[in-house]
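So that you can map any letter, position 155 of the sequence shown is 155 in this note's numbering, and since no number is skipped, the others follow by simple counting.
No lab work stands behind these hints: they were computed from the structure. Positions of the beta carbon are idealized from the N, C-alpha and C atoms, including for glycine. Where hints are given, some of them may not hold.
Stated by the list, open to error - Computed beta-carbon distance windows for the label pairs:
| no. | residue 1 | residue 2 | range |
| --- | --- | --- | --- |
| 1 | T290 | D31 | 23 to 33 angstroms |
| 2 | I20 | S396 | 45 to 55 angstroms |
| 3 | G108 | G87 | 16 to 26 angstroms |
| 4 | D346 | V270 | 41 to 51 angstroms |
| 5 | A85 | G109 | 36 to 46 angstroms |
| 6 | R307 | V76 | 35 to 45 angstroms |
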Amino acid sequence: MSAGQRGPSDRPALARLLPISPDAFAAEYWDQTALFTRAAELGDGLGDLFSADAVDDLVTRRGLRTPFARMARAGVLLDPARYTAPGGLGAEIADQVSADKVLDELSGGATLVLQGLHRTWPPLAEFARALAADLGHPVQVNAYITPAAERGFDPHYDVHDVFVIQVQGEKRWRIHPPVHARPLRDQPWTGYRAAVEGAAEKVPAIDEVFRPGDVLYLPRGWIHSATALGGTSIHLTIGVAALTRHDVLREALASATADETLRAALPVGVDLTDAATVAALVSAAVDDLTRYAHGEHHDLGDTVGRRLHTRVRDSARPEPIAPLATSAAAAALHEATTVSLRRQLDARLDHGTDAGTVSLVLPDKRVTLPAEASDALAQVLTGQTTQAGGLAGLDSASSLVVARRLVREGVLVVR
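Please model the complete structure; the sequences and the hints are all you need to start from.
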């Protein structure tokens, strides 16, 4: 296994969605072709992630606002005023989701879309964090609640990969190969509407009735539409905003602005209508970028990696912490309390230039401690669970002081 890759046992969230190993999925399906899986092939199932009760809870008790909810009928988005209302005394806002209005629209055949569930529903928030870590790409989660015999959206493709999980009811999906493979984010299906509509008239590559627990993987660009059968249908769409080679090139070019050669002006009188001239300019620019990447600026890979990593990091949130409970836990911490690094927290060790200190660098702050804590911080970053009084390189009293500080800083959580 090459550096930077992970084994199947390190991808437990992804494994829950697959009938095959994550490695086999990566080699045979990821970014290539669709994969449909019946619930019976997935072992323990996915019923813990979402349910009809979750929909009712979100709509009636969570004070959702747009754009965390939207509704559509026959492929057309409804005016938010049709399903939202003011929040009432103490919440003078005009766009809270109204359970009464949602019921009316659902009864009239509209589809309810709950967006950003990786922000609003705890089981999906935890699963999305884990799946994003498994895939190395940003993840979001929406739910689609469709009345019987209704189709929420016309045939279309997405500009992100998706995993579809059928939660309740049955829905017939028709899936066709791309007319524009691997579209970028600025290449939506509406730019290929006629081709998409034509492809949707052909024999589907997949034509299946999805039942609870069934899972579909679709690479971006694959055309799909779905119609609810029988009763109300609920399905989750887990969107994966896959980073691409195009993203790598964009970040490389952004980083290479430091290179004077690449900033040089084109020749006086350059004929930009001559294809051969422009092709030569492109070739020269690519050569210059390659030289820049492999020459004295050999840290370009590190720079691009950090820029892309920041994009992934900023798309998600680490494991949530409860402020009051965390404050109480820090105060009550004792040497036998078990603690570990907050999951999906982006942190790195920095020894800096001061030999007397060491720091943990977090996205929004720096936690600085005496240099004696260096081994303890390195241990913390492994993610392993340990006792608050047993951090590496420190006696039990000093370890407890460091652990308490890290709990208060939101680095460690009590397990």
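Status of the hints after comparison with the structure:
1. Range check, T290 to D31: Cβ separation about 25 angstroms, and the 23 to 33 angstroms hint holds.
2. Range check, I20 to S396: about 47 angstroms between beta-carbon atoms, so the 45 to 55 angstroms window is met.
3. Checking the proposed 16 to 26 angstroms range against G108 and G87 shows it holds: the Cβ atoms sit about 24 angstroms from each other.
4. About 44 angstroms separates the C-beta atoms of D346 and V270, a value consistent with the hinted range of 41 to 51 angstroms.
5. In this structure, A85 and G109 break the distance hint of 36 to 46 angstroms, their C-beta atoms being roughly 21 angstroms apart.
6. Evaluation of the 35 to 45 angstroms hint for R307 and V76 yields a pass: the beta carbon distance comes to about 38 angstroms.
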